[in-house]
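**Q** Going down the list, the sequences are from chains V and E. Per numbering that gives the first Met the number 0, the very first residue in the first sequence carries number 0; after that it's consecutive. Per numbering that gives the first Met the number 0, the very first residue in the second sequence carries number 0; after that it's consecutive.
Incorrect hints may appear among the rest.
In silico lysine-lysine, BS3-like type, Cα no more than 25 Å apart, as pairs [unchecked claim]:
| id | chain 1 | residue 1 | chain 2 | residue 2 |
| --- | --- | --- | --- | --- |
| 1 | E | Lys105 | V | Lys90 |
| 2 | V | Lys11 | E | Lys204 |
| 3 | V | Lys204 | E | Lys38 |
| 4 | V | Lys105 | V | Lys90 |
| 5 | V | Lys228 | V | Lys292 |
| 6 | V | Lys189 | V | Lys204 |
| 7 | E | Lys90 | V | Lys211 |
| 8 | V | Lys182 | E | Lys182 |
| 9 | V | Lys179 | E | Lys211 |
| 10 | V | Lys96 | E | Lys237 |
| 11 | V | Lys105 | E | Lys105 |
| 12 | E | Lys90 | V | Lys95 |
| 13 | E | Lys90 | V | Lys104 |
| 14 | E | Lys179 | V | Lys211 |
Since the hints were made in silico from the structure, they are not lab data.
What follows is the residue order along each chain.
2 protein chains.
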Amino acid sequence: MDSILPLLEKTKIASRALAKLSNGKRSALVVEIADALEKNSDKIIAANARDAARMDPDDPKYDRLLLDKSRISAIESDARNVSKIEDPAGKILLEKKLENGISLKKIAVPLGVVGVIYESRPNVTADVATLCLKSGNAAVLRGGSDAADSNLAIVEIIQEVLKNSGVSPDAVQLMPTDRKFVKDLLEAEKFVDIIIPRGSANLIKFVRENSKIPTIETGAGVCHTFVEKTADLDAAAKIVVNAKTQRPSVCNSLDTILVSAEVAAEFLPKVLPGFLPFDVEIFADERAFEIFKKSGWKNLKKSEPADFGREFLGQACSVKIVDSLDEALDHISEFSSRHSEAICSKNQELIDRFLNEVDAASVFANTSTRFADGGMYGLGAEIGISTQKLHARGPFALEKLVTEKWVLRGDGQVRE
Amino acid sequence: MDSILPLLEKTKIASRALAKLSNGKRSALVVEIADALEKNSDKIIAANARDAARMDPDDPKYDRLLLDKSRISAIESDARNVSKIEDPAGKILLEKKLENGISLKKIAVPLGVVGVIYESRPNVTADVATLCLKSGNAAVLRGGSDAADSNLAIVEIIQEVLKNSGVSPDAVQLMPTDRKFVKDLLEAEKFVDIIIPRGSANLIKFVRENSKIPTIETGAGVCHTFVEKTADLDAAAKIVVNAKTQRPSVCNSLDTILVSAEVAAEFLPKVLPGFLPFDVEIFADERAFEIFKKSGWKNLKKSEPADFGREFLGQACSVKIVDSLDEALDHISEFSSRHSEAICSKNQELIDRFLNEVDAASVFANTSTRFADGGMYGLGAEIGISTQKLHARGPFALEKLVTEKWVLRGDGQVRE
Numbered sequence: 000m001d002s003i004l005p006l007l008e009k010t011k012i013a014s015r016a017l018a019k020l021s022n023g024k025r026s027a028l029v030v031e032i033a034d035a036l037e038k039n040s041d042k043i044i045a046a047n048a049r050d051a052a053r054m055d056p057d058d059p060k061y062d063r064l065l066l067d068k069s070r071i072s073a074i075e076s077d078a079r080n081v082s083k084i085e086d087p088a089g090k091i092l093l094e095k096k097l098e099n100g101i102s103l104k105k106i107a108v109p110l111g112v113v114g115v116i117y118e119s120r121p122n123v124t125a126d127v128a129t130l131c132l133k134s135g136n137a138a139v140l141r142g143g144s145d146a147a148d149s150n151l152a153i154v155e156i157i158q159e160v161l162k163n164s165g166v167s168p169d170a171v172q173l174m175p176t177d178r179k180f181v182k183d184l185l186e187a188e189k190f191v192d193i194i195i196p197r198g199s200a201n202l203i204k205f206v207r208e209n210s211k212i213p214t215i216e217t218g219a220g221v222c223h224t225f226v227e228k229t230a231d232l233d234a235a236a237k238i239v240v241n242a243k244t245q246r247p248s249v250c251n252s253l254d255t256i257l258v259s260a261e262v263a264a265e266f267l268p269k270v271l272p273g274f275l276p277f278d279v280e281i282f283a284d285e286r287a288f289e290i291f292k293k294s295g296w297k298n299l300k301k302s303e304p305a306d307f308g309r310e311f312l313g314q315a316c317s318v319k320i321v322d323s324l325d326e327a328l329d330h331i332s333e334f335s336s337r338h339s340e341a342i343c344s345k346n347q348e349l350i351d352r353f354l355n356e357v358d359a360a361s362v363f364a365n366t367s368t369r370f371a372d373g374g375m376y377g378l379g380a381e382i383g384i385s386t387q388k389l390h391a392r393g394p395f396a397l398e399k400l401v402t403e404k405w406v407l408r409g410d411g412q413v414r415e
Numbered sequence: 000m001d002s003i004l005p006l007l008e009k010t011k012i013a014s015r016a017l018a019k020l021s022n023g024k025r026s027a028l029v030v031e032i033a034d035a036l037e038k039n040s041d042k043i044i045a046a047n048a049r050d051a052a053r054m055d056p057d058d059p060k061y062d063r064l065l066l067d068k069s070r071i072s073a074i075e076s077d078a079r080n081v082s083k084i085e086d087p088a089g090k091i092l093l094e095k096k097l098e099n100g101i102s103l104k105k106i107a108v109p110l111g112v113v114g115v116i117y118e119s120r121p122n123v124t125a126d127v128a129t130l131c132l133k134s135g136n137a138a139v140l141r142g143g144s145d146a147a148d149s150n151l152a153i154v155e156i157i158q159e160v161l162k163n164s165g166v167s168p169d170a171v172q173l174m175p176t177d178r179k180f181v182k183d184l185l186e187a188e189k190f191v192d193i194i195i196p197r198g199s200a201n202l203i204k205f206v207r208e209n210s211k212i213p214t215i216e217t218g219a220g221v222c223h224t225f226v227e228k229t230a231d232l233d234a235a236a237k238i239v240v241n242a243k244t245q246r247p248s249v250c251n252s253l254d255t256i257l258v259s260a261e262v263a264a265e266f267l268p269k270v271l272p273g274f275l276p277f278d279v280e281i282f283a284d285e286r287a288f289e290i291f292k293k294s295g296w297k298n299l300k301k302s303e304p305a306d307f308g309r310e311f312l313g314q315a316c317s318v319k320i321v322d323s324l325d326e327a328l329d330h331i332s333e334f335s336s337r338h339s340e341a342i343c344s345k346n347q348e349l350i351d352r353f354l355n356e357v358d359a360a361s362v363f364a365n366t367s368t369r370f371a372d373g374g375m376y377g378l379g380a381e382i383g384i385s386t387q388k389l390h391a392r393g394p395f396a397l398e399k400l401v402t403e404k405w406v407l408r409g410d411g412q413v414r415e
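Working from the sequences, and respecting the hints, build out all of it.
**A** As structure tokens, then:
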């Protein structure tokens, strides 16, 4: 293949036909896709095994890549949930008669063609495709080469369903993984309406710096939990252990513990029993290092400056002792990726200051950043977690896969 | 000045303080600004005269530049309107208790620092500043050198009001017009949350290709009106004349007339009496050229391919005869800037197809594209007309100067 432009043009054409389908027809398509994924789960698992065989199991991405029956059934059930969520496309957002007699409506309409560039997780393939189809959008998927076989298997199953339903299979395209095509995609403003990078900070930076198409940044999560001195320290330890260890390869997992100096010596040892089964690697600042050393923690290093603002994506974290809420706020302001930030405290005034002043998509008091998730918020499957401020912030789910159109009907009015 | 980064950093700091002001305080500030603009109108007019003296009166931008008592009073009244519109910041968009007991709120919060890059029109300076202040945002304004004196006068008046109210005058910054600083601004993602270019297609293209900050494209309007064969031709002629001549220097004015072949010979001469006072220059395709020639129109040229998709911004337009709705739709799809597109017709089915299928921010049936305007839609003053699909589409007014924040309060919940 020399150019992906012909492929993208076909997707643009397919998007127009898709936008004309009824909401009911689009929901039915998604249900059929869920059925087909279930029926063909062995085919997906076989393809996934080929992908997995190419990867080092110690790679932090390995866990993200794997698909088994239970993960496929989660994907399938995500699709069924998507089919049931209210379709945002076609909704009348505003309707009024202007003084001059013109009727004005603001209507939610599909975006058109949604381009998603992502890395290992093959469930993204099915999530993005079903979310786009449900909301009347075509999708261009550029998955990572790690998951190439899994993604192809999933897209072939989806395209088969489209074909059997009389919908152009071009409505869901899987791009070749050749790197040279990514740049072509980012410049195809004529055919693609929005680009969503989902993955590492490097990927997101590359897309931001090279895309001529409006972009929603998602994915990179440098997340802090600040344990303030009035916190219930046992509850805070559970929250920190959960935020770090429960699924460390995802973006809402904890990267840095901040703790008030007054309670650091009491609090930090409390996380160790929870860290033990995972042998969490701790990068501690000078004061925290002494505390962990005294507790006998072996997998311990003195932190370097680069360990703050670092997304670990594995069983590792950095720890810093702070002397005030302001110091914690300043640290977060400097190093946060504006994804998910938490405080544990009993002081309502400080909690309110934290929740108001931290500039992030999701802010948490006395609970785990792992809850930052479209499903948890009741939005259904998500395309990613937006860390930017335009259009969608935080979980980017079905409700945001639309734009607006102003429709005015008059009978000859002109402007004075 | 070597670098604008220190100035932008001060604006970022000012934005944090601004976001903490109450809605009432922010509205009061805007009223005080309106008062101050009124009181100092002579100073603004004197500054504007210095700007005007530097420009050729035949430049299509000349009309955009000029300020007189009545335009200042329009600016002042825009500001008073802004003070009265409901402030979007602080609004609770969603509130619920999750099954696990966590309380979830989605709250509208200010964007932070809004950067606007614009060209001649000095009213933009006051509009942007008041819209931003009202919604808790700081503003970085980069106006064109054509309007440098007018912009400076307006910003000095605004900063004086801020200072007198105990608000940091850094909350509204006017950037030096040196071109080299524009690139610095577009890369200052640490201090600026959103960039809005407002002006020529070239400016917008430059911003899109160089900004590392999320951008809302506004301004370029290549607008068509399609006169379909069933249209009331007299009403359609009034609409076309209004869309072209009433204020040709703005983005929602007509650039191209499309007309059904069956009625072209009857329709096109009907626009000429309305075009006469402005001696509109017509770039006509072959068939339309013959019709206008027969009618004796002098200011007539055969169209070149570049005359379609061209934003004229003056008393000139191109004309093309089409043989079907589909030909009109294809032409619009190829050449539209997705700003404002109109049809004149009595055929409801064709009207519905046009309104549904044309991909533009605003679509009109039997009325003038000149109505594409935040004020006309009841939204108050606007920052621009967005021609992109993310966040804001069409008039970009106060309601869109916010982002969302998810706030979760728990009592120790962790994710299973």
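**Q** Hint by hint, note whether the structure agrees.
**A** Checked hints:
1. E:Lys105 - V:Lys90: Within the cut-off at roughly 21 Å; holds.
2. V:Lys11 - E:Lys204: Holds - the C-alpha atoms of E:Lys204 and V:Lys11 are around 22 Å apart, at most 25 Å.
3. V:Lys204 - E:Lys38: Between V:Lys204 and E:Lys38 the Cα gap is close to 48 Å, so the pair fails against 25 Å, i.e. violated.
4. V:Lys105 - V:Lys90: Answer holds: V:Lys105 to V:Lys90 is near 9 Å, not above 25 Å.
5. V:Lys228 - V:Lys292: At roughly 21 Å apart (the allowed maximum being 25 Å), V:Lys292 and V:Lys228 satisfy the hint.
6. V:Lys189 - V:Lys204: holds, 22 Å
7. E:Lys90 - V:Lys211: violated, 33 Å
8. V:Lys182 - E:Lys182: It holds: about 22 Å lies between the C-alpha atoms, which stays within 25 Å.
9. V:Lys179 - E:Lys211: holds, 21 Å
10. V:Lys96 - E:Lys237: Holds: V:Lys96 and E:Lys237 sit about 21 Å apart, inside 25 Å.
11. V:Lys105 - E:Lys105: It holds: about 23 Å lies between the C-alpha atoms, which stays within 25 Å.
12. E:Lys90 - V:Lys95: Roughly 23 Å separates the two Cα atoms, so the pair holds.
13. E:Lys90 - V:Lys104: Given that 25 Å is the threshold and the Cα spacing comes to 23 Å, the pair holds.
14. E:Lys179 - V:Lys211: holds, 21 Å
Checked against the numbered hints given earlier, the structure breaks hints 3, 7 and satisfies all the rest.
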